[in-house]
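Place chain F on chain A using the hints.
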Amino acid sequence: MEKKSFNEVLKEKEAAEAKQNAGANHEMTLDDAARVKVLSPGRLVFKRFIRNKLAIVGTAILAFMFLFAFVGPLFYPYGQKDVFKKYEGLQKTFATAQERTEYATFTYDSSIEIPSRVRNSINSEISKMEAQELRQEVIADDGVSYLLEKEGDYVYTLSTVGDAEVYVTFAAPAVAANYIKSVVPAPGVELSKQATDAIAAAIESGETAVSVGDDEFLIVSDNKKSVVYSVKNSNFNFTDAAADAEFEAAAINAVLAEQSVFVYNGNVYTLSQTDSGYSASTVAPQDTAYVYSLYSFDTYDASQPSDRFKVEALYHAYGEPDFTVDGVNYTVAHEDDQTVVYNADNMSEPYAMFTTFIVRDQLGNDSYDLAFKTAAQEQILAMQEQNIKTATYTYSLPAQQAEVEETTNEETGEVTSHEVITYITDENGNVQYEDKTITVELDLDQRYNLRWEQLTHQVDRYSGPTSDHVFGTDGDGMDLLARMMYGGRVSLIVGFVVVFLETILGVIMGGIAGYFGGWVDNLIMRLVDVFYCIPSTPILIILGSMMDKLKVDPYVRLFYLMAILGILGWAGIARLVRGQILSLREQEFMVATEATGVKVSKRIFRHLLPNVMPQLIVNMTASLGGVILTESTLSFLGLGVRHPLATWGTMINSVTATNEDMIRYTYIWIPVGLLICLTVIAFNFVGDGLRDAFDPKMKR
Amino acid sequence: MTKYIIKRLLISVVILFCVMLIVYALMYSMPTKFTEQMARELSKGQGATKNYEDWLAQLNAQYGMDKGLIPGYFTWLKSAVKGDFGDSWKYNMPVTQKFHETVWYSFALGLVSFIFEVIIAIPLGVLAAKKQYSITDYTVTVVALVGISMPTFFLATVLKLVFSVKLGWFDLSGMISRNYYNLSPAGQFFDVAKHFVLPCITLTVISIGSLMRYTRTNTLEVLNADYIRTARAKGLPEKKVINYHAFRNTLVPLVTILGGSLPGLFSGALITETLFAIEGIGYADYHAMVAGDIPFTMFYLAFVAILTLLGNLIADILYAVVDPRVRIS
Numbered sequence: 001m002e003k004k005s006f007n008e009v010l011k012e013k014e015a016a017e018a019k020q021n022a023g024a025n026h027e028m029t030l031d032d033a034a035r036v037k038v039l040s041p042g043r044l045v046f047k048r049f050i051r052n053k054l055a056i057v058g059t060a061i062l063a064f065m066f067l068f069a070f071v072g073p074l075f076y077p078y079g080q081k082d083v084f085k086k087y088e089g090l091q092k093t094f095a096t097a098q099e100r101t102e103y104a105t106f107t108y109d110s111s112i113e114i115p116s117r118v119r120n121s122i123n124s125e126i127s128k129m130e131a132q133e134l135r136q137e138v139i140a141d142d143g144v145s146y147l148l149e150k151e152g153d154y155v156y157t158l159s160t161v162g163d164a165e166v167y168v169t170f171a172a173p174a175v176a177a178n179y180i181k182s183v184v185p186a187p188g189v190e191l192s193k194q195a196t197d198a199i200a201a202a203i204e205s206g207e208t209a210v211s212v213g214d215d216e217f218l219i220v221s222d223n224k225k226s227v228v229y230s231v232k233n234s235n236f237n238f239t240d241a242a243a244d245a246e247f248e249a250a251a252i253n254a255v256l257a258e259q260s261v262f263v264y265n266g267n268v269y270t271l272s273q274t275d276s277g278y279s280a281s282t283v284a285p286q287d288t289a290y291v292y293s294l295y296s297f298d299t300y301d302a303s304q305p306s307d308r309f310k311v312e313a314l315y316h317a318y319g320e321p322d323f324t325v326d327g328v329n330y331t332v333a334h335e336d337d338q339t340v341v342y343n344a345d346n347m348s349e350p351y352a353m354f355t356t357f358i359v360r361d362q363l364g365n366d367s368y369d370l371a372f373k374t375a376a377q378e379q380i381l382a383m384q385e386q387n388i389k390t391a392t393y394t395y396s397l398p399a400q401q402a403e404v405e406e407t408t409n410e411e412t413g414e415v416t417s418h419e420v421i422t423y424i425t426d427e428n429g430n431v432q433y434e435d436k437t438i439t440v441e442l443d444l445d446q447r448y449n450l451r452w453e454q455l456t457h458q459v460d461r462y463s464g465p466t467s468d469h470v471f472g473t474d475g476d477g478m479d480l481l482a483r484m485m486y487g488g489r490v491s492l493i494v495g496f497v498v499v500f501l502e503t504i505l506g507v508i509m510g511g512i513a514g515y516f517g518g519w520v521d522n523l524i525m526r527l528v529d530v531f532y533c534i535p536s537t538p539i540l541i542i543l544g545s546m547m548d549k550l551k552v553d554p555y556v557r558l559f560y561l562m563a564i565l566g567i568l569g570w571a572g573i574a575r576l577v578r579g580q581i582l583s584l585r586e587q588e589f590m591v592a593t594e595a596t597g598v599k600v601s602k603r604i605f606r607h608l609l610p611n612v613m614p615q616l617i618v619n620m621t622a623s624l625g626g627v628i629l630t631e632s633t634l635s636f637l638g639l640g641v642r643h644p645l646a647t648w649g650t651m652i653n654s655v656t657a658t659n660e661d662m663i664r665y666t667y668i669w670i671p672v673g674l675l676i677c678l679t680v681i682a683f684n685f686v687g688d689g690l691r692d693a694f695d696p697k698m699k700r
Numbered sequence: 001m002t003k004y005i006i007k008r009l010l011i012s013v014v015i016l017f018c019v020m021l022i023v024y025a026l027m028y029s030m031p032t033k034f035t036e037q038m039a040r041e042l043s044k045g046q047g048a049t050k051n052y053e054d055w056l057a058q059l060n061a062q063y064g065m066d067k068g069l070i071p072g073y074f075t076w077l078k079s080a081v082k083g084d085f086g087d088s089w090k091y092n093m094p095v096t097q098k099f100h101e102t103v104w105y106s107f108a109l110g111l112v113s114f115i116f117e118v119i120i121a122i123p124l125g126v127l128a129a130k131k132q133y134s135i136t137d138y139t140v141t142v143v144a145l146v147g148i149s150m151p152t153f154f155l156a157t158v159l160k161l162v163f164s165v166k167l168g169w170f171d172l173s174g175m176i177s178r179n180y181y182n183l184s185p186a187g188q189f190f191d192v193a194k195h196f197v198l199p200c201i202t203l204t205v206i207s208i209g210s211l212m213r214y215t216r217t218n219t220l221e222v223l224n225a226d227y228i229r230t231a232r233a234k235g236l237p238e239k240k241v242i243n244y245h246a247f248r249n250t251l252v253p254l255v256t257i258l259g260g261s262l263p264g265l266f267s268g269a270l271i272t273e274t275l276f277a278i279e280g281i282g283y284a285d286y287h288a289m290v291a292g293d294i295p296f297t298m299f300y301l302a303f304v305a306i307l308t309l310l311g312n313l314i315a316d317i318l319y320a321v322v323d324p325r326v327r328i329s
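The listed protein sequences correspond, in order, to chains A and F. Number 567 in the numbering used here belongs to position 567 of the first sequence; there are no gaps in the numbering. Number 217 in the numbering used here belongs to position 217 of the second sequence; there are no gaps in the numbering.
With the rest of the complex left out, here is chain F:
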């Protein structure tokens, strides 16, 4: 087991190296570089002592952009391994500081929607499988498919129209109300929580479908198994068959997939956060990317890649841990 994990981790490092190289190459070849823009501003500013070319050369040297693609990548890699991701160009602060400021909003958003997703999707999936080909089954399937098929931006806009404009329950976007600073600490907490409601609904509706279908498929598989027939033949009540024998076995693949998606809670919801102006990591990254902010984007993409690899690893390990029939080699 330990050997397997070490092997997987080593492979992950190689994969990460390649992924980040691709990402760095993309960022490096952005046509309008951030440094050019900055040099232009600095050379035009009041009392500018240097012209555009001088500023550009200085900034490029400062940000390691003068070294060419591969040496530049290794420079980045060297400091990144040490935990130094540099200063964000757009936010004018250390990348890690911006990360700390934003990631917890994303995590809160992700966690709440994840909990709702699990609470809603798993029972409905089991229910649909139990009553296969019934009205309930069709309804659940249709709801799941509609959820999967809904474009995030459309759902978010519809929610805004209905709940913010027509009903006036929530603000259209942003994280805090206008009178936020006059509120008591508890009031401030509930104010932010209120602004998280619509993004949470969006994320839950979008992600609920796949988990629901996954649960349904797996439950169906379990219900077709011989031991369920045996349990029924023994004369056990249907309730016990489903809740005791079937559901426990359904949990095996579910735990795997849910465990695997845990790291993803930190990665932020890029589009939802941008649409609702929730200042999470996805929102910060969207604006950094559009502005060509290499340090922040590189950090975020490395972060997301690590989370993905970690998710896969956790899923594989959990699979072996939960299901004793699986032997890892």
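Chain A with its partners taken away, still in its complex shape:
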């Protein structure tokens, strides 16, 4: 016999009756079966459902949410991770100015190797030389000497030491007397009474030199005795210059102190022993390796001078003024209060200026022109004179504008427009200037920071609702409406996946327990008890902070979250399914299936489960709302789905972490919170409507 469902049979009957009655004016009797309209169970439920106003409202909200979350992003131009930028006048430090205090290194000849130990000590050596007003300094390293020489103000050179030129020869200093409690003249030396007294007085007062008449005596003392040397008897033979008593004293002092080098009048002399006594030689540089200077160069045409130019200009600053770099001849000229480098072929045009005052942009580059630098320097000098730390002045800088620029992709022909910052020009292409107020401020590092307002390209954070971004942007410059849509997607997907997962688990476990009974039932029900008893919120928080510490990828984290929520939630459904199956198992139709020998699997899936479906559907709808709540709460606590994935919970969390933010950014968290509420309410409305529709017993 052909199998037909009850519905089909009814439809056939209706069709047959309609055919029979066609045309004829059929008189309807009171007990006519056609008077009773029979609806299928499904349609009955549907009819009851749509009579419920709240359920309809819920369905409408849900339909909107689904469109919003799943279809919305397809038509909305922005993605959830697009960061938006804007152009805004921003007061910012664009330049810093300072007097240079550290000597910069310029390599003159890189073929000369000088140990880095020597090179690293240069700044301290220079400050020592400046303090003692020395012109030369010999730095020895590993037995090799190098000469640091002052060329002029702020310019030093480091060279290898060249051949010495003997400046003076002299005999070893002669002992004039010894002193142990009293002055005892050395054998063969006669000392006048006046000299003896003077020496004794000098020794007692602790002096090291005394001059009597035209003779000079040097005194070297230890604890017990003093030895007095006579300078006059040392027979100095200068190669050129006349004898200088001070020089002689310095030379003898060096001999007595067993030094190999001594300094006189800023110059360095090396001391060496000869057959007949000693010789002192001047030190001359041989090959210059490095130039050290406080100077930097400001060029008049705002070009960047080459490194070679800089080092050559410094090297020639105080010597031979002409030099050639890259085939161009330059000459250094010292003018009133500055040193200028001219192009030697065109003396009317200065090329660069020596300066110790440097103005740099924020990246440390020398990108400002001379006029700007001069103005800044003037202003700062005035400030230093008046000893003030903050001042403003007006200076004309290029005017800016943000312009929409269209670029055409050559392959696709697609035109994209984006804003760029350009300088305003007139019709001849000349840059227009506008006066800007520049604030100069001295900071703690003794640098002068120059601030003024510039159009800058920056992340559009927390912009309120605008025409571009209907709900504004969040703290990362991401469009809020887009993030709401994607966040809704995550919430709904998490809701559905979790509910299906827990339903599948619950139906399987509950079905097995209910159908088989006995020890299986007992075991599964105890398991259900255990899961019922696990405090789920704390567990979720523990797992969330665990994933935090493991730094799980946001997408993987989403899957973990769904799995965990599913596993924690199946117990209730298992209990419900088991209860239903227990009561259904005893009903007549199940006895009938057993009697007619229907297979076990068919009995469960054809006859038992469809009868559990109404309760399951109601339960699933209602728990969807609960799952969405749990997910958003976890995300709110920062333990659920993470940035950059948008979810409603994290969006609220990001602006309510501090009370100030919470008060300031109400336009962010209130709409998002309302979205959560609306979605959950809608699910609850629909679940409630379905419950009433499936279970008409509640009607009066």
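Among these hints, one or two may not hold up.
Within a straight-line C-alpha distance of at most 27 Å, the following computed BS3-like cross-link-like pairs (lysine-lysine) qualify [as the list claims (entries may be wrong)]:
hint : chain 1 : residue 1 : chain 2 : residue 2
1    : F       : Lys90     : F       : Lys67
2    : F       : Lys7      : F       : Lys131
3    : A       : Lys53     : F       : Lys131
4    : A       : Lys4      : A       : Lys599
5    : A       : Lys549    : F       : Lys240
6    : A       : Lys4      : A       : Lys549
7    : A       : Lys47     : A       : Lys4
8    : F       : Lys3      : A       : Lys47
9    : F       : Lys239    : F       : Lys130
10   : A       : Lys599    : A       : Lys92
11   : A       : Lys53     : F       : Lys130
12   : F       : Lys131    : F       : Lys44
13   : F       : Lys130    : A       : Lys551
14   : A       : Lys53     : A       : Lys11
15   : A       : Lys193    : A       : Lys181
Think of the hints as simulated: they come from the structure by calculation, not from any bench. Computed from a prediction, not measured in an experiment: that's the story for all the values here.
Frame of chain A, contents of chain F only:
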């Protein structure tokens, strides 16, 4: 009856054992352990005599973390049965002492909201059932569903915005005002009470919905019963039918569910307390959990699990006590 209770209690012990094993396994496998953090701090401290590894070994031995999962669990279990839950790692004091310090705030919060919940939800639920499909019914249903659907954190934030920021009636969070210590004892009590207002409102609004709907459903069931029709047929006034015949029978399931939720008053409101910085047990536990404080978390979760089991047991027993038709076997 006694036999039933004993059987239930024995099953509860087994369930508790399993639940705590799961919880311990989770806490045990926390990736960044508290001991590691502590060892790092101790080894870096002034005059540290031992290096990181030595400190870690010592701390692990001290906290029973060196034994592996199962022996570690049994160590915990053994001392827990004796009532010794160890010292909290985060709070540096015995777990039970911290529990005593915090639980009463939670209980006060829970009890007050519970009372408000009962006072508001039950009459409204009965009213809605009495006037089924009226405007009142719809309003009550909508309010109940909105309450259920409200995320705690959103409601709390809205309340803070309205009552603390806009109206300035309450502090944003915390339990005491700045001038708390200058107040008289009565003033101090009212000061704390004032700080509990917003958390109470939050908890009441969140929990009111389910009780309201439960009352409504049960009242509807009772109103459809034959004896109500009989009472009406007798000509009793509607007031008497509802308040005398119907309401008493509605109370049967209500008493059951309310009795069952009594132990839960001690378990604290984790999220509400954290948001309003009420130093109750939930707040203490949230921070302990995030810090990986195993003794405190284990104690709290055991406590909550016991309360849940106790709640179920009380509900089942009350069901039999209140409704003589139910026989427990």
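Hints versus structure:
In summary, the hint linking F/Lys90 to F/Lys67 is supported, as the alpha carbons are separated by about 22 Å, within the 27 Å threshold. Restraint check: the Cα-Cα separation between F/Lys7 and F/Lys131 comes to about 44 Å, which exceeds 27 Å; the hinted pair is violated. Simply put, A/Lys53 and F/Lys131 have alpha-carbon atoms about 17 Å apart, close enough for the 27 Å limit, and the pair holds. Between A/Lys4 and A/Lys599 the alpha-carbon distance is near 20 Å, which keeps this suggested pair within the 27 Å criterion.
Of the supplied pair hints, the one linking A/Lys549 and F/Lys240 is violated, its CA atoms being roughly 62 Å apart against a limit of 27 Å. Distance restraint check for A/Lys4 and A/Lys549: the Cα-Cα separation of roughly 60 Å exceeds the 27 Å cut-off, and the hinted pair is therefore not satisfied. Straight-line distance between C-alpha atoms of A/Lys47 and A/Lys4 comes to about 24 Å, which keeps the hinted pair within the 27 Å bound. The suggested pairing of F/Lys3 with A/Lys47 is violated, with an alpha-carbon distance near 50 Å, which exceeds 27 Å.
Restraint check for F/Lys239 and F/Lys130: satisfied, since their Cα atoms lie roughly 11 Å apart, inside the 27 Å limit. Proposed proximity of A/Lys599 and A/Lys92 is contradicted: the alpha carbons are some 81 Å apart, above 27 Å. For the hint linking A/Lys53 to F/Lys130, the alpha-carbon distance of about 19 Å falls within 27 Å, and the restraint holds. Under the criterion of a C-alpha separation no larger than 27 Å, the hint pairing F/Lys131 with F/Lys44 is inconsistent with the structure, at around 71 Å.
At roughly 55 Å between alpha-carbon atoms, F/Lys130 and A/Lys551 are farther apart than 27 Å, so this suggested pair is violated. As the CA atoms of A/Lys53 and A/Lys11 are separated by approximately 30 Å, the hinted pair breaks the 27 Å bound. Proposed proximity of A/Lys193 and A/Lys181 is supported: the alpha carbons are some 16 Å apart, at most 27 Å.
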